[in-house]
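Trainee: Now for the letters of each chain:
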Amino acid sequence: AQKITQTQPGMFVQEKEAVTLDCTYDTSDQSYGLFWYKQPSSGEMIFLIYQGSYDEQNATEGRYSLNFQKARKSANLVISASQLGDSAMYFCAMTGPRDKLIFGTGTRLQVFP
Amino acid sequence: EPEVTQTPSHQVTQMGQEVILRCVPISNHLYFYWYRQILGQKVEFLVSFYNNEISEKSEIFDDQFSVERPDGSNFTLKIRSTKLEDSAMYFCASKETIRTDEKLFFGSGTQLSVL
Numbered sequence: 001a002q003k004i005t006q007t008q009p010g011m012f013v014q015e016k017e018a019v020t021l022d023c024t025y026d027t028s029d030q031s032y033g034l035f036w037y038k039q040p041s042s043g044e045m046i047f048l049i050y051q052g053s054y055d056e057q058n059a060t061e062g063r064y065s066l067n068f069q070k071a072r073k074s075a076n077l078v079i080s081a082s083q084l085g086d087s088a089m090y091f092c093a094m095t096g097p098r099d100k101l102i103f104g105t106g107t108r109l110q111v112f113p
Numbered sequence: 001e002p003e004v005t006q007t008p009s010h011q012v013t014q015m016g017q018e019v020i021l022r023c024v025p026i027s028n029h030l031y032f033y034w035y036r037q038i039l040g041q042k043v044e045f046l047v048s049f050y051n052n053e054i055s056e057k058s059e060i061f062d063d064q065f066s067v068e069r070p071d072g073s074n075f076t077l078k079i080r081s082t083k084l085e086d087s088a089m090y091f092c093a094s095k096e097t098i099r100t101d102e103k104l105f106f107g108s109g110t111q112l113s114v115l
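Taken in order, these protein sequences are the chains called A and B. Each step along the first sequence adds one to the number in the numbering used here, with nothing skipped, and position 3 is 3. Each step along the second sequence adds one to the number in the numbering used here, with nothing skipped, and position 75 is 75.
Hints in this document: simulated from the structure, not taken from any laboratory. Everything numeric in this text was worked out from a predicted model, so none of it was measured. Heads up, none of these hints are tricks.
Computed spacing ranges between beta-carbons, pair by pair:
id, chain 1, residue 1, chain 2, residue 2, range
1, A, LYS70, B, ASN52, 35 to 43 Å
2, A, ALA71, B, VAL12, 48 to 56 Å
3, B, SER113, A, TYR54, 42 to 50 Å
Virtual Cβ for every residue (Gly too), placed ideally from N, Cα, C.
Here chain A stands alone, though its shape is the one from the complex (with noise of 0.2 Å):
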């Protein structure tokens, strides 16, 4: 079955300062996608970035980057420049049998000025 795996259930990171949150998975299939959501105290989930696994490049959307570690099975987002704004939880998740998304338990990021 497939699984994704948040390790830090609470990160906290100055303002302008870069940080990374981790995301490890497990799955037997060959193609499989990665997302990450993010999720503030009002409640939506907001898309931030994907990664297909046969992508061979990291993805990368304005300041967010997925740092794809296909071997070791880790999808890490990568914040550059944090702003007060990105005060939020943050999900990873997989595209799982027959398209559902699995979610992992998610990390709650706060930045500090």
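Since the structure of chain A is already known, use the hints to place chain B on it.
Mentor: The following block gives chain B in isolation, referenced to the frame of chain A:
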């Protein structure tokens, strides 16, 4: 950017009552989903829906739950007789194709409180 719209944003109900949560997926999307998130826990898959029928459902999605696409735009989740443990944030989501590399668009959620 197009949006998935969910109504209401908050719903309070008494245990045993029926609730209907409503969603309007993005207009050209064909695949629809419901997820839920109990407070402080991870997001869990409930059901997927395509071509007017359920594609897959989780063990959470028992006989008390049903989904429907009554017209060309709405996608609803009905809970027939709510229980206290149904209290959660319910997210509707949609995507255009079945491709694994396509992102899922989420609505802003309905917070259901069962008293």
